[in-house]
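There are 2 protein chains.
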Amino acid sequence: MNNDVQNIKKLIINEPFKLDCGKIIKDFPIAYETYGNLNKKKNNAILVFHALTGDQFVTNINPITKREGWWTTAVGPGKAIDTNKFFVICANVLGGCMGSFGPKEINPENNKIFGTSFPVITIKDIVKAQKYLIDNLGIKKLLAIAGGSMGGMQVLQFISLYPDIAHAAIPIACSASHSAQNIALNELGRQAIMADPNWKKENVTPNKGLAVARMAAHITYLSKKGLQEKFGRKLQDEGSLKFSFDADFQIESYLRYQGANFVDRFDANSYLYITRAMDYFDLEKQFNGNLSLAFKDTKSKFCVISFSSDWLYPTVENKEIVIALNACGANVGFVEINSDRGHDSFLLNVPKFLKTLNEFINTTYNEVNNEKRI
Amino acid sequence: MNNDVQNIKKLIINEPFKLDCGKIIKDFPIAYETYGNLNKKKNNAILVFHALTGDQFVTNINPITKREGWWTTAVGPGKAIDTNKFFVICANVLGGCMGSFGPKEINPENNKIFGTSFPVITIKDIVKAQKYLIDNLGIKKLLAIAGGSMGGMQVLQFISLYPDIAHAAIPIACSASHSAQNIALNELGRQAIMADPNWKKENVTPNKGLAVARMAAHITYLSKKGLQEKFGRKLQDEGSLKFSFDADFQIESYLRYQGANFVDRFDANSYLYITRAMDYFDLEKQFNGNLSLAFKDTKSKFCVISFSSDWLYPTVENKEIVIALNACGANVGFVEINSDRGHDSFLLNVPKFLKTLNEFINTTYNEVNNEKRI
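Respectively, the protein sequence lines represent chains A and B. For what it's worth, our numbering labels the leading residue of the first sequence as -19, then goes sequentially. For what it's worth, our numbering labels the leading residue of the second sequence as -19, then goes sequentially.
Note that these hints are calculated values from the structure, not bench results. You may find that some hints are simply not true.
Which copy is meant is left open, because identical chains are indistinguishable; a pair holds if it fits in one copy or across any two.
What the hints assert, rightly or not - The calculated SDA-like cross-link candidates involving lysine to any residue, where the alpha carbons are at most 20 Å apart (straight line), are: (1) K205 x P294; (2) K205 x S288; (3) K205 x V296; (4) K121 x T14; (5) K(-10) x D115; (6) K281 x N350; (7) K3 x S220.
Remember, predicted model here, so these are calculated numbers, not experimental data.
Sequences and hints are given; from them, build the entire structure.
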């Protein structure tokens, strides 16, 4: 880790914070980043939630990884979420590995890395920690909250806990609870990590297992059609097959690259904890089987967005959210964006998606400033 | 390995056999099993091809694993493929681990297990070896050839090499070439095996890696809907979550079982070689981009069968075979069976599927015996 880590913004939460698992933590950091400026009325703030392997560095160059922020397509000056106009906030999730309290941090009790002695956390824990951040920034009401995949789950959990926290809520490509298939896919990743003999050892990291987990996940982020169009059966070396186990096909080489590239920037235990939080998420169960009760007190406008080729969080699961919102008379719009790029579409340059995001947020902002909405 | 291995039927292929990779092998075994009796006319033989992790023990109790044969639902006395009436033959594929020549066998040159020094084999190599078996059994023309998944690929390859070998051909839940997604999924399994430090070591086996590969594959064999209906979010222990990385959900426990159970009966290197053969399979490419040329000389009747919820070899890919068969004027029927049980449907008790199989084979047999077909 380089010196840039010193410059990461952190909020230290001092008071005792009771986790869903029953354990109490305190004096722990939540790392965050902001983009743009908070206006005088403090009514232009947008809280963005990151997905499984994201972090607080939404746009520009991530100072730690030196790579582009994960939502550079959507967030920045003049972009769909315009940082010339809006104040964008994003926090690294609890359990993460980019400065927030997570299994990579040092346990002050024994001066060792927490690893699997870190408590199991939930999406509810994750968003409750972020509420401290919003309070600390002096923001009473956010203009909008938005996120895709696990970020969308956080949108749903956040608004159900704090019904009056945001004028607009945008859950993208997500679900109100993980399906059996999604639990299975996460468990596959966890098993790959836990199968690595370097897991739980000191001074070594289970990079091979983590790479396999990432490869598995990466396949699920893309659609069958998208993969076929991009890679098909194209060979690495033009011409003939190698008759070996080297990467013959471009798709193999691409996957290996995705795996190898990931281990430099992500902690294997964070991968375990965050996937666990996703699997545990079940908003319907929190409200005794009636999902619409999760939204009954909110006056937020919702824009639920799904992608046609997303098989990880298919449209039908996003529609369950829309059904529940309608059932409690919430103000809800729903858009299914046609895209062959699978679940990853929310991170990519998909013009109709970005236009939807842009117009929904701008309209909300205009309404708020015209005091049509309080 | 117990004494039962001694009783495995084997054909030793003595003559030099040139593999697609260029290497020549000879004096190698092809293990096989037969069920029922060959009639005097020798016109009641059905060659069944197994899938990735199958073997020659189609029905009854597998004498080695002591488990039920992989196609007990379809093959046996009075079943869809009636062994009171038909003579069913199945060979363990080249590269397999149930007695046929594969990476688990001893290399006579150094008295060590071949492992990754075994040559890379193809679906074409696999079916060519089985042609020796049919010849050896004195069968000039098979009543039918049938197989699902990789077994279906073998059906297609076999009939394209030997257009006059069978009256009927039944490729089930397969494809004429592996899609990018399927290559990716196989590569994931291979990477899981190759990530295991026990891989390529002597006297140990990469069981953890192989178990992860099996878990990954198992997810792809079931449909999202099927998994949801069977497992949903059901917990292992009624009541509350454990807040740990133990198996909380039934689907996790099920997957772990599938992984652990598999390593006892399958060789990790066979998994590498056979998935490689599947990925290399591209019948269209063999015929310079015109799949229908693969079938132009055959007079076989075809029955192509797909399953509605199979996302590994979806109906659209099975239909490509039907289109190619129609394009060359072949006699072809196509059935998409409605089933929520995903790719695995071909192994399960899906009545409409079994009825289709049964009636197609019986009709063919009646035609052959009435000499409507020569």
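Hints, one by one, checked against the model:
1. K205 x P294: For K205 and P294, both the intra-copy (15 Å) and inter-copy (12 Å) Cα distances are at most 20 Å.
2. K205 x S288: both (11 Å within a copy, 17 Å between copies)
3. K205 x V296: both (19 Å within a copy, 11 Å between copies)
4. K121 x T14: For K121 and T14, the Cα distance is within 20 Å only inside one copy (16 Å; across copies 74 Å).
5. K(-10) x D115: within (14 Å within a copy, 75 Å between copies)
6. K281 x N350: For K281 and N350, only the intra-copy Cα distance (16 Å) is at most 20 Å; the inter-copy one is 72 Å.
7. K3 x S220: Classified as between; 16 Å across copies, 58 Å inside a copy.
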